[in-house]
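Undergrad: For the record, the sequence lines run as chains A and B. Here the first sequence stands for residues 1 to 363, numbered as in full-length UniProt numbering. Here the second sequence stands for residues 1 to 363, numbered as in full-length UniProt numbering.
Read the hints as simulated data drawn from the structure, not as lab findings. No residue lacks a Cβ here, since even glycine has one placed at the ideal position from N, Cα and C. Please note: incorrect hints may appear among the correct ones.
[Unchecked claim] Derived list of chain B stretches under chain A, where covered just means 3 residues or more per stretch with a C-beta under 8 Å from a C-beta of chain A: (1) 217-225; (2) 259-266; (3) 289-302; (4) 305-315; (5) 321-330.
There are 2 protein chains.
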Amino acid sequence: MTSLASRAPRPTLALVGATGAVGSVTQQVLAMRADIWGEIRAAAAPEDAGTELTVCGRDVVVQHLTPEFFDGVDIALVDLPAPVAAVWAPIAAERGAVVIDNSSALRGDPDVPLVVPEVNPLQVRNRPRGIIANPGATTLTMIDALGVLHAGWELTELVVATYQAASGAGRAGMARLHDELEVVAGHRELGQQPGDVRRLIEFELGTESPFPAPLALNVLPWIGTAAEDGWTTEELKIRNETRKVLGLPDLRVSATCVRVPVISTHSVAVHATFARPIDVDEARQALVEAPAVVVLDDPETAEFPTPNDTVGSDPRFAGRLRQALDFPNTLDFFICGDNLRKGGALNMVQVAELVARDLAVVA
Amino acid sequence: MTSLASRAPRPTLALVGATGAVGSVTQQVLAMRADIWGEIRAAAAPEDAGTELTVCGRDVVVQHLTPEFFDGVDIALVDLPAPVAAVWAPIAAERGAVVIDNSSALRGDPDVPLVVPEVNPLQVRNRPRGIIANPGATTLTMIDALGVLHAGWELTELVVATYQAASGAGRAGMARLHDELEVVAGHRELGQQPGDVRRLIEFELGTESPFPAPLALNVLPWIGTAAEDGWTTEELKIRNETRKVLGLPDLRVSATCVRVPVISTHSVAVHATFARPIDVDEARQALVEAPAVVVLDDPETAEFPTPNDTVGSDPRFAGRLRQALDFPNTLDFFICGDNLRKGGALNMVQVAELVARDLAVVA
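Turn these sequences into a full structure, and let the hints steer you where they fit.
TA: See the structure below:
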């Protein structure tokens with residue numbers, strides 16, 4: 001890629017939403033990878049304009065977001081709330097940037113590909129609107145493991161329950177969980193009477209929160225907003241995004257999304273059914289050989305993945321692989337992935353690198 | 001029941017393991033219910049002998065556990081570790097007590113019924129060994145909701161993922177989670193680097209823990225011990241106990257058991273398939289009418305059950321009811337139940353009351 005890119009001018013990269021939780025991890029991710037970039041710009045909400053960042057050794061001053069910001073930008077990584085992204089992603093594309101959008105706003109658009117480099121890299125070229133969408137963090141937690149297994153055994157059904165971290169609600173989510181932990185710590189009687197944690201936290205911190213109820217010493221089976229028939233938007237996203245990335249529009253999917261008191265890194269309990277008989281040892285070997293999946297799975301030593309061992313690292317950590325005893329062709333497993341890193345920043349940067357290579361070839 | 005019981009002498013009740021987490025809740029539960037008991041005795045591990053308790057207004061001194069302790073006891077509630085219970089439950093039965101055993105030691109014995117009063121109350125009479133087993137707390141979290149739904153639509157498949165509380169590991173589990181919370185609180189940088197929570201907790205508290213890894217700011221997909229083929233004993237218990245209580249020896253069950261940083265109250269994400277088409281409104285109505293299930297399920301107001309709203313109360317709290325979009329005859333829902341109360345103490349006391357009524361009829 002470097003040799004190809006070096007023939008063309010180095011692409012100009014824009015980070016939009018650069019001061020958020022994903023934006024901050026994007027800078028860490030860029031610093032760890034080959035620097036193929038020319039100019040790097042950053043934009044964010046008005047209150048953060050003027051902030052000075054260092055991105056890949058360059059001093060970058062965060063700008064106001066204007067249409068002109070995108071003039072001369074080759075690739076824009078956009079991490080904004082969905083309604084804001086729905087406005088700005090098309091503006092950026094109109095100004096000539098290839099947009100990689102981390103919001104859910106355009107993921108369902110048939111003219112916007114949903115790309116995971118380990119699964120469907122060629123889809124980066126299929127961008128009639130000049131926009132590529134990044135899947136949601138929960139889908140990204142499991143999608144390359146599912147891609148590998150689908151390649152071997154043909155996925156037909158997926159039943160998942162999630163254990164999603166506070167950082168899925170951004171910096172505000174992480175801060176709120178830390179605030180709540182400080183309130184409950186030392187109250188050793190808590191967690192035994194109805195609503196005792198809720199009352200103390202609401203008394204100390206108020207009810208204004210990124211979460212619909214206290215998260216410390218609790219789990220919340222409600223992420224996103226109400227969709228039809230009792231489903232949440234988050235649960236339907238998992239269904240739609242998994243189908244789109246794997247190219248399986250009729251894949252049967254059922255998801256229950258639950259927030260847990262973890263700062264960062266989502267986990268998913270997966271029950272996956274295939275068209276062909278699946279052998280656990282062969283499935284494990286396929287995951288071991290997948291470049292971005294680490295298998296931690298030794299029942300003898302109680303080895304298994306956890307979010308705290310995963311957070312801050314690039315791969316997904318999979319374990320607890322077992323044949324579902326009563327379900328033919330079905331594998332159960334547990335998988336953890338850093339929702340800010342692969343679940344956001346890393347996948348965007350990987351897609352940006354594919355686009356840069358594509359632009360260099362075209363140039 | 002009182003009128004029947006009043007014709008016979010009031011039964012003598014023994015609490016074995018009276019100083020543990022379940023034993024303590026058993027005393028709270030007994031205090032809230034009609035007092036049908038005569039003498040009440042208590043026994044516990046040697047280091048707790050001599051402890052003075054108040055049980056239903058009676059002063060009770062905790063005794064050493066000896067075979068003679070059971071002489072004259074009508075009903076013994078036994079909450080001991082499984083290998084210890086395997087020894088003492090038969091001794092108690094031999095001395096004439098009807099034993100209600102909360103351990104997993106004898107749940108698989110075909111001559112030991114597994115009783116949930118809301119589901120299979122008549123099984124209390126089928127006790128050839130004089131022993132009745134209490135199901136595990138995770139099974140008890142969902143079993144009466146499943147019983148109601150099975151009665152209406154005939155359950156055929158069950159895929160569950162659990163969110164199990166620290167108190168499943170007893171007082172030591174609750175204390176460890178509180179200890180860990182005190183260590184991590186205020187360290188607002190934690191939860192973003194691989195193993196950062198693990199290193200701090202192990203440095204401050206050591207690695208000796210009721211849990212196989214740090215639980216604060218983490219989730220642990222490992223409960224119980226290794227069984228065959230990568231399964232844990234906890235996951236197989238859910239399969240075996242659900243089949244036995246519902247009388248469905250061929251029910252297809254797959255469970256993933258995960259510990260979460262909640263003090264008390266287990267939650268389960270349930271994906272349940274039935275022989276007949278299930279309508280969500282009819283299913284909700286059936287659960288509303290179930291005496292021990294409270295339905296909290298209004299997507300419009302983001303109403304859903306959480307463990308902290310459930311803990312310390314008797315019913316199971318169910319919500320997030322929805323038709324699985326791609327799976328015929330399948331209902332997804334989320335349910336919370338206090339694992340020390342219904343999941344331990346309350347079910348034992350309810351079974352004891354059924355046995356007391358049975359003994360009174362016989363007398």
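Undergrad: Against each hint, give a clear statement of whether it holds in the structure.
TA: Against the structure, the hints come out as follows:
1. 217-225: holds (count 6)
2. 259-266: holds (count 5)
3. 289-302: holds (count 4)
4. 305-315: holds (count 9)
5. 321-330: holds (count 8)
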